[in-house]
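Asks: Using the numbering used here, the letters of the sequence shown correspond one by one to residues 1 to 265.
Everything labelled a hint here was simulated from the structure, so no lab data went into it.
Among the hints, erroneous ones may be present.
[As the list claims (entries may be wrong)] Derived lysine-lysine pairs resembling DSS-like cross-links, with alpha carbons at most 25 Å apart:
id: 1; residue 1: Lys38; residue 2: Lys26
id: 2; residue 1: Lys182; residue 2: Lys159
id: 3; residue 1: Lys38; residue 2: Lys8
id: 4; residue 1: Lys199; residue 2: Lys219
id: 5; residue 1: Lys202; residue 2: Lys182
id: 6; residue 1: Lys159; residue 2: Lys175
id: 7; residue 1: Lys255; residue 2: Lys219
id: 8; residue 1: Lys8; residue 2: Lys104
id: 9; residue 1: Lys183; residue 2: Lys199
id: 10; residue 1: Lys183; residue 2: Lys159
id: 11; residue 1: Lys34; residue 2: Lys8
id: 12; residue 1: Lys219; residue 2: Lys183
id: 13; residue 1: Lys202; residue 2: Lys219
id: 14; residue 1: Lys255; residue 2: Lys182
id: 15; residue 1: Lys183; residue 2: Lys202
id: 16; residue 1: Lys182; residue 2: Lys219
[To be verified] Cβ-Cβ distance ranges computed for the label pairs, FRET-style:
id: 17; residue 1: Lys202; residue 2: Glu59; range: 25 to 35 Å
id: 18; residue 1: Thr127; residue 2: Gly254; range: 14 to 24 Å
id: 19; residue 1: Leu150; residue 2: Asp71; range: 14 to 24 Å
id: 20; residue 1: Ser137; residue 2: Thr74; range: 17 to 27 Å
id: 21; residue 1: Phe264; residue 2: Glu211; range: 13 to 23 Å
id: 22; residue 1: Ile248; residue 2: Lys34; range: 17 to 27 Å
id: 23; residue 1: Gln161; residue 2: Glu216; range: 20 to 30 Å
id: 24; residue 1: Glu211; residue 2: Gln173; range: 52 to 62 Å
id: 25; residue 1: Arg141; residue 2: Glu186; range: 22 to 32 Å
id: 26; residue 1: Phe264; residue 2: Trp51; range: 18 to 28 Å
Even glycine gets a Cβ: it sits at the ideal position worked out from N, Cα and C.
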Amino acid sequence: MSNEYFEKLAELNAAEVPFAVATVIKITGSVSAKTGAKSIIDGNGETLFGWVGGGCAEEAVREAALESLRDGQTRIVPLDLDDEILGVGMPCGGTMEVYVEPYKPRPELMIIGHGRIAEVLAELAHTVHFSITVNDSGATREAFPLAEHLITSDLDFSKMQVGPQTYVVVVTQHKGDQHSIKKALEGEGPYIGLVASTKRAKLVFEYLLDEGVAPEELKRVHSPAGLDFAGTTPEEIALSIVGEMVAIRRGGSGKSMMELKQVFP
Numbered sequence: 001m002s003n004e005y006f007e008k009l010a011e012l013n014a015a016e017v018p019f020a021v022a023t024v025i026k027i028t029g030s031v032s033a034k035t036g037a038k039s040i041i042d043g044n045g046e047t048l049f050g051w052v053g054g055g056c057a058e059e060a061v062r063e064a065a066l067e068s069l070r071d072g073q074t075r076i077v078p079l080d081l082d083d084e085i086l087g088v089g090m091p092c093g094g095t096m097e098v099y100v101e102p103y104k105p106r107p108e109l110m111i112i113g114h115g116r117i118a119e120v121l122a123e124l125a126h127t128v129h130f131s132i133t134v135n136d137s138g139a140t141r142e143a144f145p146l147a148e149h150l151i152t153s154d155l156d157f158s159k160m161q162v163g164p165q166t167y168v169v170v171v172t173q174h175k176g177d178q179h180s181i182k183k184a185l186e187g188e189g190p191y192i193g194l195v196a197s198t199k200r201a202k203l204v205f206e207y208l209l210d211e212g213v214a215p216e217e218l219k220r221v222h223s224p225a226g227l228d229f230a231g232t233t234p235e236e237i238a239l240s241i242v243g244e245m246v247a248i249r250r251g252g253s254g255k256s257m258m259e260l261k262q263v264f265p
């Protein structure tokens, strides 16, 4: 494999952008590509490196790459290059199988607040491969040794960038909850959690409604945050929140595996 291929992989990983790698794993007949040929496709469907067969295969592989980036699943794409319908009206001949593997950047967990729940949350989320940012004036490196970034200015939202892979948990012990949630809602992150009692959460929602935040937007906020573990300790609460985040990230239901699989009748 060429140095250019590995250099491109390193570049994309450093930039933390999504991409997919397509690899020819099987060919029969008259096919222009060779087994082991690779291409790299970005999140817009553009081929950044390589070639796996030209016009006959390019569009099908591109679509498979985009699907893999959407659902996070690998897939094998069978291509019958004798069938012009699958291609672009170019009779190529033969068959080919292409393995498509998505690569997505690590999701970020942005914790707004400090305290024991926040500390355990950072530890557990790091274990399941989230990068950690903590935004709170009371945050210290001793309390959050695994955090990649600490923002220690009091309620400083200027450095709070909520992208499509940013999960936000607000655990401020009621200090500016409403402002933190409002800022998080400006982004497009898949998860916003508010650690608060039901009474406190209702007060925050009422304030935000009065501020003009749409009810549909407030439905994005998970509060009380976490799955129903009936937990009471900071460790149990943090575990339930990370469980909810992973379920959303992976498209899980959050239900018991025993209930879903029903192994025993």
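Asks: All hints, please: hold or fail.
Replies: Do the hints match the structure? See the list:
1. Lys38 / Lys26: Cα-Cα ~12 Å, so holds.
2. Lys182 / Lys159: 15 Å, holds
3. Lys38 / Lys8: The given pair, whose Cα atoms are some 12 Å apart, holds under the 25 Å limit.
4. Lys199 / Lys219: 16 Å, holds
5. Lys202 / Lys182: At roughly 14 Å apart (the allowed maximum being 25 Å), Lys182 and Lys202 satisfy the hint.
6. Lys159 / Lys175: Satisfied, since the Cα-Cα distance of roughly 18 Å is no more than 25 Å.
7. Lys255 / Lys219: The hint holds at about 21 Å.
8. Lys8 / Lys104: Status holds; Cα separation ~15 Å.
9. Lys183 / Lys199: 21 Å, holds
10. Lys183 / Lys159: Given pair Lys183, Lys159 holds - Cα atoms ~11 Å apart, limit 25 Å.
11. Lys34 / Lys8: 21 Å, holds
12. Lys219 / Lys183: 15 Å, holds
13. Lys202 / Lys219: The given pair, whose Cα atoms are some 12 Å apart, holds under the 25 Å limit.
14. Lys255 / Lys182: 30 Å, violated
15. Lys183 / Lys202: Holds, because 18 Å separates the two Cα atoms, which is no more than 25 Å.
16. Lys182 / Lys219: 12 Å, holds
17. Lys202 / Glu59: 25 to 35 Å: Distance hint for Lys202, Glu59 is violated at roughly 51 Å.
18. Thr127 / Gly254: 14 to 24 Å: 19 Å, holds
19. Leu150 / Asp71: 14 to 24 Å: 34 Å, violated
20. Ser137 / Thr74: 17 to 27 Å: 43 Å, violated
21. Phe264 / Glu211: 13 to 23 Å: 51 Å, violated
22. Ile248 / Lys34: 17 to 27 Å: For Ile248 and Lys34 the Cβ distance comes to about 40 Å; the hint is violated.
23. Gln161 / Glu216: 20 to 30 Å: Distance hint for Gln161, Glu216 holds at roughly 23 Å.
24. Glu211 / Gln173: 52 to 62 Å: Taking Cβ atoms as reference, Glu211 and Gln173 lie about 21 Å apart, which means the hint is violated.
25. Arg141 / Glu186: 22 to 32 Å: 28 Å, holds
26. Phe264 / Trp51: 18 to 28 Å: 51 Å, violated
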